[in-house]
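Q: Sequence:
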Amino acid sequence: MTVAKGVAVTTVLVVDDEPQIVRALRINLTARGYDVRTAHDGAAALRAAAESKPDVVVLDLGLPDIDGAEVIEGLRGWTTVPIIVLSARGDSGDKVRALDAGADDYVTKPFGMDELLARLRAAVRRGATSAAPAEEAVVEAESFTVDLAAKKVRRDGAEVHLTPTEWGILELLVRNRGKLVPQKQVLHEVWGPAYAGETHYLRVYLAQLRRKLEPRPSRPRHLITEPGMGYRFEL
Numbered sequence: 096m097t098v099a100k101g102v103a104v105t106t107v108l109v110v111d112d113e114p115q116i117v118r119a120l121r122i123n124l125t126a127r128g129y130d131v132r133t134a135h136d137g138a139a140a141l142r143a144a145a146e147s148k149p150d151v152v153v154l155d156l157g158l159p160d161i162d163g164a165e166v167i168e169g170l171r172g173w174t175t176v177p178i179i180v181l182s183a184r185g186d187s188g189d190k191v192r193a194l195d196a197g198a199d200d201y202v203t204k205p206f207g208m209d210e211l212l213a214r215l216r217a218a219v220r221r222g223a224t225s226a227a228p229a230e231e232a233v234v235e236a237e238s239f240t241v242d243l244a245a246k247k248v249r250r251d252g253a254e255v256h257l258t259p260t261e262w263g264i265l266e267l268l269v270r271n272r273g274k275l276v277p278q279k280q281v282l283h284e285v286w287g288p289a290y291a292g293e294t295h296y297l298r299v300y301l302a303q304l305r306r307k308l309e310p311r312p313s314r315p316r317h318l319i320t321e322p323g324m325g326y327r328f329e330l
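Position in the sequence shown counted from 1, then plus 95, gives you our numbering.
Check the hints yourself; a few may be wrong.
As the list claims (entries may be wrong) - Estimated spans, in silico, between C-beta atoms of each pair:
| # | residue 1 | residue 2 | range |
| --- | --- | --- | --- |
| 1 | 210 | 288 | 10 to 20 Å |
| 2 | 213 | 259 | 34 to 44 Å |
| 3 | 233 | 159 | 21 to 31 Å |
| 4 | 205 | 307 | 46 to 56 Å |
What the hints assert, rightly or not - Result set (EDC-like, lysine to aspartate or glutamate): computed pairs, CA atoms no more than 16 Å apart in a straight line:
| # | residue 1 | residue 2 |
| --- | --- | --- |
| 5 | 274 | 251 |
| 6 | 279 | 254 |
| 7 | 274 | 209 |
| 8 | 307 | 231 |
| 9 | 148 | 162 |
| 10 | 247 | 165 |
| 11 | 246 | 168 |
| 12 | 274 | 321 |
| 13 | 247 | 235 |
| 14 | 148 | 160 |
Calculated directly from the structure, the hints in this document are not laboratory data. The model shown is predicted, which means the values in this text are computed figures rather than measured ones. Even glycine gets a Cβ: it sits at the ideal position worked out from N, Cα and C.
Given these sequences and hints, build the entire structure.
A: Following this line, the structure appears as structure tokens:
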């Protein structure tokens, strides 16, 4: 939320590659006092969300570079901002995928402006009452940088390739930085409930992460083991 002349203004990020849609939304939302930011593809949307920290996102699924559901997942890696999907895809499978990825609402094109505005107001109200403290999209440790929105890790200026499992563990620890994350929680969230007792998996994958990210893997600075309890990420 931005402040203009002492008045709080709701910021809306509109993500769509159709210029006519973007123009119509910008005109209608600006006329109603919203601060409108726009992006025309998924990568630009993730950057804009990290920079402007909007109060609500209106997102098309059919983007030219990244599928909208992946953009939702990227946002959900670090923020609880309300997301309204605005898409020509009316298939129930697309709706389920978007909602499972973390969308709050789904509006099918063509749409009525009055209905969309009502849904937007409702999303902003829900976001205001349930908002958690915003996380940083990019977390900089002493030895490496974790981009939660883009799901990328860089060390010494170069991107570090992580497997999906390695990323799942790192993301969970980074999002809970400074806190002890129990072994069972890591296993449950990364592998699933059936793996709650497979602690040897954790030893193997933490060792791999340390080799890739820690300057001295045998004496980790960031990926800390609390013996018999779990793991902790420190900056």
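Q: Hints first: check each against the structure and report whether it holds.
A: Hint-by-hint comparison with the structure:
no. : hint                    : in the structure
1   : 210 <-> 288: 10 to 20 Å : violated (39 Å)
2   : 213 <-> 259: 34 to 44 Å : holds (38 Å)
3   : 233 <-> 159: 21 to 31 Å : holds (24 Å)
4   : 205 <-> 307: 46 to 56 Å : holds (48 Å)
5   : 274 <-> 251             : violated (26 Å)
6   : 279 <-> 254             : violated (30 Å)
7   : 274 <-> 209             : violated (44 Å)
8   : 307 <-> 231             : violated (23 Å)
9   : 148 <-> 162             : violated (21 Å)
10  : 247 <-> 165             : holds (14 Å)
11  : 246 <-> 168             : holds (9 Å)
12  : 274 <-> 321             : holds (11 Å)
13  : 247 <-> 235             : holds (12 Å)
14  : 148 <-> 160             : violated (22 Å)
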